[in-house]
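Protein chains in written order, with the working numbering: chain V, 1 to 121; chain H, 1001 to 1579.
If you're looking for bench data, these hints aren't it; they were derived computationally from the structure.
C-beta atoms are modelled at their ideal positions from N, C-alpha and C, and glycine is treated no differently.
Zero decoy hints are in this set.
From the structure, some residues in chain V lie toward chain H, with a derived Cβ separation under 10 Å:
| hint | residue |
| --- | --- |
| 1 | 22 |
| 2 | 23 |
| 3 | 24 |
| 4 | 25 |
| 5 | 39 |
| 6 | 40 |
| 7 | 41 |
| 8 | 42 |
| 9 | 43 |
| 10 | 45 |
| 11 | 63 |
| 12 | 64 |
| 13 | 65 |
| 14 | 67 |
| 15 | 69 |
Here are a few chain H residues that sit away from chain V, every Cβ distance over 12 Å (derived from the structure):
| hint | residue |
| --- | --- |
| 16 | 1091 |
| 17 | 1140 |
| 18 | 1438 |
| 19 | 1464 |
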Amino acid sequence: VAVQEPTFLILTALAAQPMHGYGLMQRVKELSESRVQLRTGTLYGALDRLMVEGLITADREEVVDGRLRRYYRLTDEGAGVLAAEAERLERNVEAARAGLRQRAARPARPGLTTTFAADPA
Amino acid sequence: MESTLETRYGWLLLTYPAPYRRARGAEMVGTLMESARPGQRWPSPADAVDLIAGGLRHRAGLSAVPGLARGLALAGPIALAFAGGLGAYYMIAEFTAMGLGYIRDIYRGWGPVPTLGPFVLGAWLLAALGRIVLPRLASRWLIGAALAVTVLVVPVAHALDRTRPTLPMLAPLALLGLLALAGTAHAPPRRERTGVGIGLVAVAGALIGLTNWYLRDATFVSFDPSEPFRPIRPNALAIAWSGASTTTVAGLAMLALLVGLLLAGVRHRPALWAAGLLLVPGLPLVAPLGPELAAYQFSSWVLMPTGLAAAVVVLASAIRLAWRDPASGPRSPKTTAEGSLAIAGTLALGTAAGVAVVAWSMNQLPNREGLVSELYPGWRGFTALVWPVAAAVSVLPVRGVARAAVAAAIAATIVLPPRPDLHTYDGRPLGLVQTALVMLGVVALAGLPAGPPRRIGSRLGGLAAAAALCAMLAWLPGWWETGSVLLSPYAVALGGATAFLIGVVAGGSAVLEPLSPQWWRGAVVLLGSSGWIGVAAPRFLGVWQTSLILAGLVVIVSAAGVWAALRARAQAAPPDVPA
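Build the full structure now, drawing on both the sequences and the hints.
Put into structure tokens, the structure is as follows:
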């Protein structure tokens, strides 16, 4: 089953190292080249869900400038889900590349009238 | 000192429930302040909307529930197939009167009434067909249009002075439509298109077959035009309605089968969500079981709130089962065989308490002749009390007390002489009720663990939900004719058995070796919670023919569960063997 992109990005960010809320938001934005910008309510909704599913877990807490930071890390189950999803995406990418290679290898169609002649099928 | 911005974020966080704020509030404010621009004084509108939405999702209990989205995607096509099948059936009944000559004759005597009914049901037929053949977006527009027609027909019919389907029919249709709209956001795979088509044909075909069978000698009280709440198109609508009620049972059977099948391949929560979501529109339709009652109950608006309330309780139970506590880790106790047996036992005991109280209160209310029967003292002082007491005692954190209380309740029920026959009103419940109580007690004995409850609140909630569900279902008008009080323990015991099956599959093969103590207890729970319907069925066959369908349903669900368990066992990875 496909994992939603924000979830995939959160898991990806946490795969490298435990991170706290704001760090995660930044990293997800970076990873997605600013396409995915999680807001706080959405982020914590996703974190809650991932914790319930057992894919991530709370790691440690720090107080920085009088503010609480809680770090999250990937569980083994989360790493498994991420690996499976990465593999699935890899296969999709491979299929897309193969298709594009075939397209490039085919002779260009000069025009409508010669279509049937040019197309081997 | 707190900055202004921080205070304002704090106000926005008030949309979250207090326990959540205590656990997460400081951390979230920290994250919000870190992401704020320097000198920012007000939360951005986008952040504000996001936080309010997040808080409301939390309060609705939806934010951290995995499987809801996939459950919705499972439920959407089923809801659409059902609405479409209803539409197809109605169109056939309305325009061709195929095999429905009997009703057609009655109707002709009454004269035609221009109605907007075909527009509503035709729209649902089109929407379902659209999902089968059209691309995703176009099909969703059709579903939205059918939903709009279902809602707008009320003011339009009023404005044009035309008749329309009754609200008890429109409301479940609208709910099914909402489910269909919410659950079809994805592009339909070929399998789903085929599934909607098969479902549509199956529902329409089952309705035609069942109504022909049921109507062979039925009398429709509400066909009398002087009835204040008579159906406006008596023929097709009455048939569709009564047929809908019976076929919803068949639909629920299919759904149960689906749940069983899904359990084999899908993690159980999405399947539970799908079942819970479909029960909301399904139960109001299923409430009047059997066409005679359906026709009789057209005049009763009591039915709708009762059915809806019961649906809410069932949905809550499904959510309760689907919910997994974050603290308990990926595999909580309730996904093991032991935990599921405990759920089944709890539901059975709660149901027994509900049955006892309802059977007691039935004699406190005037029956159809306006008579209040004198209560049999042995029943009042003894059996009616002993079951609720056993349920209450089972919550106590003392080892063995629950089983002892249930055993005592069974003994107290057996010693009471049963009422001799249906027509003797001496204030005693039927022997059937006693049989049901004893069998539920057996399920409770087999299901409840010897040790104290792991979580007292959880057991209390299960008992209360089961008792409430039982009371509501049993409260349906007409119980005095059909003994429909028997439906409620059936429904909940089936829930218990389902919970057990879920446990079997979720727990996997490791926890349930054949002929282990749990296996035996599981078998007793399954037989006990489904078997007594077989005792009930022959007796009431004349007035309650749906019991045949229900008995079939039990067989199907049990078979699906066994199949799913076997498949899960076959698929389970070999155990880790140390090298």
